[in-house]
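Undergrad: If you want the building blocks of each chain, they are given just below.
Protein chains: 2
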Amino acid sequence: MKFVYSFDEGNKSMKLLLGGKGANLAEMTSIGLPIPPGFTITTEACAYYSENNKFLDGMMKEVDEHLAKLEKRMNLKLGDHSDPLLVSVRSGAAASMPGMMDTVLNLGLNDKSVEGLAKKTNNQRFAYDSYRRFIQMFSDVVLDVDITNFEDALEKAKQTKGVENDTGLDAEDLKKLVAVYKNIVKEKLNEEFPQEPKEQLRLAIIAVFGSWNNDRAKAYRRINNITGLKGTAVNIQSMVFGNMGDDSGTGVCFTRNPSTGENKFYGEYLMNAQGEDVVAGIRTPQSIEKLEKNDSNAYKQLCEIRLKLEKHFRDMQDIEFTIQKGNLFILQTRDGKRTSKASVKIAVDMIKEGLITEKEGILRVNPNHIDQLLHKQLDPLGKQKAKVLATGLPASPGAGVGRIVFNAEDAKKFSEKGQKIILCRTETSPEDIEGMNVAVGILTSRGGMTSHAAVVARGMGKCCVAGCGDAKINEHAKTLTIADKIFKEMDWITLDGNTGEVFGGMIPTIDPEISGEFALFMSWADKYRKLGVRTNADTPYDAKKAREFGAEGIGLCRTEHMFFEGERILAVREMILANTKQEREKALAKILPMQKQDFIGIFRAMEGLPVTIRLLDPPLHEFLPKEEKDIIEIAKDMNIDITRLKQKIEDLHEQNPMLGHRGCRLIITYPEITEMQTRAIIEAAIEVSKEQKDGKFLKVIPEIMIPLVGSVNELTILKKEIKRISDERIKKSNIKLEYKIGTMIEVPRACLIADKIAEEAEFFSFGTNDLTQMAFGFSRDDIAKFLPEYLAKNILPRDPFQAIDQEGIGELIKMAVSKGREKKKDLKIGICGEHGGEPSSVEFCHRNGLNYVSCSPFRVPIARLAAAQAAVREIKTN
Amino acid sequence: MKFVYSFDEGNKSMKLLLGGKGANLAEMTSIGLPIPPGFTITTEACAYYSENNKFLDGMMKEVDEHLAKLEKRMNLKLGDHSDPLLVSVRSGAAASMPGMMDTVLNLGLNDKSVEGLAKKTNNQRFAYDSYRRFIQMFSDVVLDVDITNFEDALEKAKQTKGVENDTGLDAEDLKKLVAVYKNIVKEKLNEEFPQEPKEQLRLAIIAVFGSWNNDRAKAYRRINNITGLKGTAVNIQSMVFGNMGDDSGTGVCFTRNPSTGENKFYGEYLMNAQGEDVVAGIRTPQSIEKLEKNDSNAYKQLCEIRLKLEKHFRDMQDIEFTIQKGNLFILQTRDGKRTSKASVKIAVDMIKEGLITEKEGILRVNPNHIDQLLHKQLDPLGKQKAKVLATGLPASPGAGVGRIVFNAEDAKKFSEKGQKIILCRTETSPEDIEGMNVAVGILTSRGGMTSHAAVVARGMGKCCVAGCGDAKINEHAKTLTIADKIFKEMDWITLDGNTGEVFGGMIPTIDPEISGEFALFMSWADKYRKLGVRTNADTPYDAKKAREFGAEGIGLCRTEHMFFEGERILAVREMILANTKQEREKALAKILPMQKQDFIGIFRAMEGLPVTIRLLDPPLHEFLPKEEKDIIEIAKDMNIDITRLKQKIEDLHEQNPMLGHRGCRLIITYPEITEMQTRAIIEAAIEVSKEQKDGKFLKVIPEIMIPLVGSVNELTILKKEIKRISDERIKKSNIKLEYKIGTMIEVPRACLIADKIAEEAEFFSFGTNDLTQMAFGFSRDDIAKFLPEYLAKNILPRDPFQAIDQEGIGELIKMAVSKGREKKKDLKIGICGEHGGEPSSVEFCHRNGLNYVSCSPFRVPIARLAAAQAAVREIKTN
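Note that the protein sequences, when read in sequence, are chains D and G.
Mapping the first sequence onto this note's numbering, position 610 (from 1) lands on 610, and the numbers just tick up by one.
Mapping the second sequence onto this note's numbering, position 43 (from 1) lands on 43, and the numbers just tick up by one.
Keep in mind that the hints were calculated from the coordinates and are not lab data.
Idealized CB from N, CA, C, for every residue including glycine.
Do not rely on the hints blindly, as some may be mistaken.
[Claimed, not checked] Here are the simulated lysine-lysine pairs, DSS-like style, with alpha carbons at most 30 Å apart: (1) D:Lys646 - G:Lys488; (2) D:Lys648 - G:Lys626; (3) D:Lys629 - G:Lys158.
[As the list claims (entries may be wrong)] Partner residues aside, some chain D positions facing chain G, computed with beta carbon under 7 Å: (4) Arg221; (5) Leu381; (6) Gly660; (7) Pro748; (8) Leu752.
With the hints as constraints, model all of the structure from the sequences given.
TA: This is the structure in structure tokens:
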């Protein structure tokens with residue numbers, strides 16, 4: 001086995017082994033770009049080190065051999081007293097993890113070789129500047145001495161001298177600073193700063209290996225779902241110096257604008273500086289075009305390399321370069337990070353330019369980022385100036401700037417007066433819907449990414465920060481306390497739904513720009529997509545919006561949300577409090593015309609497309625008040641005895657409502673609800689079918705969906721009843737109306753007996769939220785108590801309510817698909833849980849032969865792109 | 001196809017087709033017993049009628065042909081005016097459903113034929129007695145006229161005449177009564193009583209078919225788990241008459257005593273009567289031995305038949321007979337119902353007599369009935385006199401007679417004063433344990449067969465009636481209201497845990513008698529049993545008791561019950577309220593020695609047998625008070641701020657605690673709990689291992705079980721920790737101690753990834769309660785809201801918390817067994833849910849290769865027998 005590769009041995013296909021940086025350095029070497037020579041220790045060597053806490057046998061021998069070759073080629077020797085070779089030691093994993101792992105520059109310097117460097121370059125200032133940089137970086141990264149010690153010392157030196165920039169320090173100053181630095185190390189560690197260059201190298205390699213498992217690197221991988229990698233490679237490269245004087249410099253550039261995507265060279269540089277100065281912002285860097293004036297030769301060469309690299313790597317590149325005494329060197333190239341807007345524009349441009357194919361272009365845009373294109377954003381400049389007070393979960397993207405209120409009623413009251421409102425609640429419940437609807441943003445202190453607040457806010461396309469534990473919300477006292485800051489009703493705050501950040505006061509926002517390129521890009525994606533994309537929508541407004549976003553039908557229309565609106569909640573409560581079937585039917589008769597009107601609006605909006613309507617799902621107690629104050633008020637409004645209302649609330653109370661009297665269990669025990677809802681659906685469908693547009697009758701495709709089926713008999717009984725009621729009305733109407741009756745698959749047992757259920761059901765729709773709750777035994781409302789620790793300890797790779805758990809829940813889904821289709825070959829199967837808009841889940845649905853996914857309106861484009869990518873990837877792997 | 005079988009065409013193996021009665025009548029005909037001739041319409045014909053609401057084509061033609069043959073053989077004609085044939089029309093399904101379905105006697109009588117009968121028998125009284133009986137029965141069963149109308153008329157006739165018994169009415173009286181009866185029919189139905197005998201027959205067949213689906217028959221089948229049958233057969237048999245005078249009579253007898261099992265002829269008869277008179281109790285019947293005096297010939301013949309039938313059918317028989325003018329006829333034989341005590345004695349005796357084999361004998365005792373042999377029972381005579389006030393679920397068998405109290409504290413207080421206590425609670429919680437422990441019975445108004453009250457009571461072998469909705473319990477006012485009766489604290493009530501009945505006042509009880517025959521019987525059962533039987537026990541007392549009942553180890557020791565006792569609950573609360581890990585560890589250090597002491601007691605009691613201990617499972621909020629009053633008191637006791645206690649309770653609150661922060665989730669986030677419990681287990685095991693008995697060291701076999709595992713990493717992390725702590729202590733102790741670390745399989749996802757879990761687990765134990773809750777999405781605490789309707793509508797065949805749902809949950813178990821053994825061929829697998837003591841579930845476990853079941857101590861014998869039966873049945877079918 002071989003653990004070390006010279007740059008002229010590798011190529012760009014070896015990323016898994018050599019890391020992205022190593023593979024690209026080798027590739028650039030092979031195409032003749034000016035790359036300082038060096039070699040790479042493989043990620044496998046890192047993996048071995050991580051597991052065994054020691055180097056692989058023979059690894060250091062290989063390193064020594066490559067170092068010897070490098071010394072020979074450069075005609076220099078590491079740590080030589082008169083003419084030393086200096087090297088950089090850099091991390092570089094297969095996936096880009098910018099800034100997460102460690103790097104050491106200028107390695108090889110010590111008290112002797114620094115003098116050699118000074119003599120040879122005839123530049124004592126440069127030599128000591130390099131040495132003090134080396135001590136600082138090595139001490140920080142390898143020896144674990146707090147970097148602020150060195151920064152303070154540098155600051156003090158500048159003050160003593162009375163200069164503003166480090167360039168104002170001369171050789172003598174730096175010499176003194178080196179002594180101070182060395183003293184810091186000795187004081188902190190009780191040991192001298194290591195002088196032996198090979199020992200420096202060994203320690204640096206260990207530090208870089210070790211940085212693979214530092215906390216921030218692990219967190220980064222978790223957040224970005226980077227899995228399956230072995231470790232980081234280590235690149236050991238001969239140093240070139242941007243800090244050799246004013247004919248030297250260093251910079252970072254992008255082959256296209258990473259912010260807008262514009263096909264224009266973009267970057268920054270600093271003369272007489274090393275790489276970290278550009279990033280650290282010690283001096284203000286110059287825009288790349290200005291380099292032409294500083295060094296027209298190098299600029300010209302860089303422009304040529306820009307084109308060459310983009311053509312070679314066929315993507316926008318992020319390039320690091322150094323000019324050493326007028327000679328240009330490239331230190332790194334990688335695919336450049338970009339904004340969502342830029343990623344779409346670059347993909348479209350490159351396809352048009354013929355640089356990449358449509359299929360490649362489709363894979364270039366991260367579906368998760370599309371979301372940002374559809375929402376108002378905080379002005380990045382404004383954000384930079386503001387202080388983050390607390391961070392919660394980025395539950396629904398966009399910007400929310402408004403005045404805080406603490407309940408739905410106040411939200412309505414103040415919004416009617418024209419105020420912009422942020423609704424702050426410990427957690428929201430269905431009673432808050434109207435308040436959420438009028439708010440510009442929602443902040444909760446409890447609940448996760450799929451809490452009520454999060455789900456509803458995403459459905460509304462409204463900014464939401466959820467589960468922000470540091471925000472103490474007291475709904476009674478009407479205060480929001482973050483750390484020691486207390487906000488009162490009508491105080492301004494700002495939420496960033498993309499990041500979960502909470503700010504005090506107002507931050508300006510910018511409007512999203514949806515250019516024609518985005519539409520073009522999505523049309524290409526749709527060409528390859530096989531999976532249908534529907535939406536979860538409960539109102540004509542949402543349905544219309546989703547249709548604009550490309551939804552091909554409604555996959556889930558939740559009828560219970562309709563129960564909360566306006567006066568109908570009164571009738572709903574009347575029904576719940578009824579003592580007899582007759583009383584219940586009387587109350588339901590009041591709801592019927594309103595519910596019918598809802599469906600008429602939705603059927604019109606979705607004309608020609610299927611509309612899946614789920615019958616009443618939640619337990620009845622959700623429609624009754626919880627707080628003493630509300631109970632008293634409602635009893636008064638309804639003109640009933642408070643004790644009776646309380647008794648009913650007590651009677652309906654459940655220990656575990658998630659596993660309680662809801663879904664089909666409810667409508668089996670209250671068949672009059674089934675009857676009312678079926679009538680509302682079918683009568684609405686009949687009415688809309690009689691309407692005309694452009695001289696043609698409207699087409700209505702209702703699909704009635706029964707929730708929470710776990711035994712086939714539940715479905716059999718309800719289907720028979722629904723068919724009876726529907727067919728009776730259709731027959732009377734004298735029109736032709738086709739409808740389907742199907743079921744949610746959301747109870748684990750339903751997956752186990754899916755073959756039997758398929759005999760009755762005309763379609764399946766996976767309710768992956770409940771399926772995840774029940775098969776894991778997790779309550780999504782309570783999971784915040786242990787999920788963070790489960791993610792931190794890697795017990796779960798991801799929050800299973802965000803992305804389908806393919807190992808477990810996925811197996812249940814596969815089983816249900818296969819058993820269902822075994823009985824009905826062409827059974828239509830969809831998914832309507834929150835996962836329907838999450839890319840890895842969409843890909844899972846594609847691979848397992850589902851017909852469609854359904855998600856909230858604002859996630860429809862995400863699902864479309866994710867589905868297209870899944871199809872393209874499948875073509876590639878086949 | 002053939003729908004009608006003459007009695008000489010069938011035999012006893014044709015029960016499914018001819019029903020039990022029909023098949024046995026045919027069998028008896030074939031062995032030459034005196035059976036009145038007749039024929040049987042098949043259950044298939046009934047099934048067709050039930051589905052299509054009309055007779056099978058050709059069925060009535062076959063009936064007519066068989067009737068013609070019968071007339072020819074009897075030399076009589078149905079409805080003949082001078083010498084009529086009369087028939088009985090009786091129901092009879094494959095499974096015995098005594099009294100549930102309909103029967104019509106004396107069919108064929110009308111205004112003309114009654115005269116013929118009178119003339120022919122020269123007995124006008126007999127003829128009119130038969131006619132009035134026929135009109136009453138036919139009107140009741142076939143025409144649906146309320147029977148009380150006829151009973152009232154008969155009563156009036158007796159009063160008018162001034163006689164006490166119907167035998168006091170003469171022919172003229174009866175003639176008049178017939179006229180009155182006919183008038184009643186005409187008045188109620190506006191139609192004459194049907195006179196045409198063939199029409200009478202047709203209507204009677206329809207009525208018998210229809211009675212298969214009457215409410216009480218459906219309920220009986222549901223309660224007795226009778227499934228898979230098609231319908232009832234209809235037996236049409238020529239009548240013989242026990243009411244032809246004093247040389248005639250009728251009776252019912254058992255070949256052995258059905259109450260004690262004694263091998264002695266047992267039965268009752270009445271002279272000059274028809275069958276229903278014996279049952280109806282109009283006159284008091286005579287003991288069968290007295291028949292010898294009435295009719296020594298018939299008695300001798302009957303004694304011979306008794307022996308012949310028992311030998312032929314190889315089981316205790318329940319025989320109906322009629323003597324017509326000195327001639328004995330047998331009308332029915334069937335396997336006799338018997339008490340549990342009798343069933344054991346009869347099986348043992350018959351095996352000893354060589355009548356049946358051991359294997360057959362083992363199958364003769366219903367495991368569910370064994371329970372009765374181990375508990376105090378209500379005196380049946382006392383029960384007969386008392387009035388049932390309400391009926392709840394028979395949650396735990398036995399008799400409970402005591403004074404009511406409404407909370408655990410009062411229960412303790414009064415029981416310390418020597419009072420017998422019935423604890424009445426809306427529902428119980430772990431805080432009630434001590435109160436339940438001192439009570440003689442428990443009554444709850446909520447909760448099902450596996451509610452907390454039910455499970456704990458069964459564990460304690462204590463009578464419990466649960467979920468008695470008609471019993472309104474007001475814990476604050478300390479009243480129990482049933483209908484309009486109000487019971488106060490210290491009033492007496494009586495519970496029957498076998499039936500769920502609740503009585504006011506005291507009913508005497510009788511002690512169970514466990515004879516040596518029971519022990520002998522169980523030893524035979526154990527010979528064939530392959531499945532291990534362990535017990536669920538949390539105390540040394542329970543462990544000992546279960547060992548006496550034959551438990552072969554502990555399958556589930558719940559450590560949380562130990563947390564509630566005495567002063568340790570204070571330390572537990574201290575731990576929960578701790579703000580830091582240090583504070584928590586300090587509180588746990590107080591619990592450690594107490595918990596260790598628990599385990600020492602259990603290990604001693606189970607010396608030589610494995611003891612599976614489950615680490616802490618319930619969510620922490622279960623250990624904190626719920627009621628305001630208790631909160632105030634506890635805050636005072638603990639000397640902490642009430643607000644802080646309330647805040648903690650609020651913080652720990654969960655929407656769905658069943659799916660919340662419990663099981664391994666809890667001990668992963670609080671590793672100090674794991675540490676304390678592991679230490680307590682291992683240190684106790686070490687200590688007991690050093691003890692000696694009879695000069696030998698005690699053997700301790702601890703198995704540490706981790707609850708609620710759904711991801712393999714949960715197990716990996718905890719196992720590593722437990723191993724570290726255990727091995728450290730074992731090493732220090734210098735003794736050899738083997739222990740196992742395994743996991744509950746109770747989360748559906750665990751079944752899906754059982755192969756991965758098996759790589760880490762040293763054993764599996766199915767927690768079928770939670771598995772049922774999660775895979776069905778049923779909360780066992782809330783299911784009472786819809787389960788009764790689900791059972792009534794046949795959506796579910798049984799309560800899945802009582803018997804394993806083999807269709808769904810069973811599939812998950814099979815999957816887990818197969819995936820687990822795929823990875824570890826010899827993986828030890830058990831079940832420790834409540835199902836472990838339910839016979840059909842035990843059989844399921846046997847068939848699917850589990851190693852053991854575990855159940856509450858009092859169910860251990862049930863499980864042993866059920867396991868033996870499963871093994872015997874398997875031998876039979878192989």
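Undergrad: Determine for every hint whether it applies to the structure shown.
TA: Now the hints, each set against the structure:
Distance restraint check for Lys646 of chain D and Lys488 of chain G: the Cα-Cα separation of roughly 24 Å lies within the 30 Å cut-off, and the hinted pair is therefore satisfied. Restraint check for Lys648 of chain D and Lys626 of chain G: satisfied, since their Cα atoms lie roughly 20 Å apart, inside the 30 Å limit. For the hint pairing Lys629 of chain D with Lys158 of chain G, the CA-to-CA distance comes to about 68 Å; that exceeds 30 Å, so the pair is violated. The beta carbon of Arg221 of chain D comes no nearer than 16 Å to any beta carbon in chain G, farther than 7 Å, and the hint placing it at the interface is violated.
The criterion of a C-beta within 7 Å of any C-beta in chain G is not met by Leu381 of chain D, whose closest approach is roughly 40 Å, and the hint is violated. Satisfaction of the interface hint for Gly660 of chain D is found here, the shortest Cβ-Cβ separation to chain G being roughly 4 Å, below the 7 Å cut-off. Contact between Pro748 of chain D and chain G, as hinted, is supported at the beta carbon level, the nearest pair being about 4 Å apart and thus within 7 Å. Evaluation of the Leu752 of chain D hint against chain G yields a held restraint, the C-beta minimum of about 5 Å falling below 7 Å.
Checked against the numbered hints above, the structure breaks hints 3, 4 and 5 and satisfies the rest.
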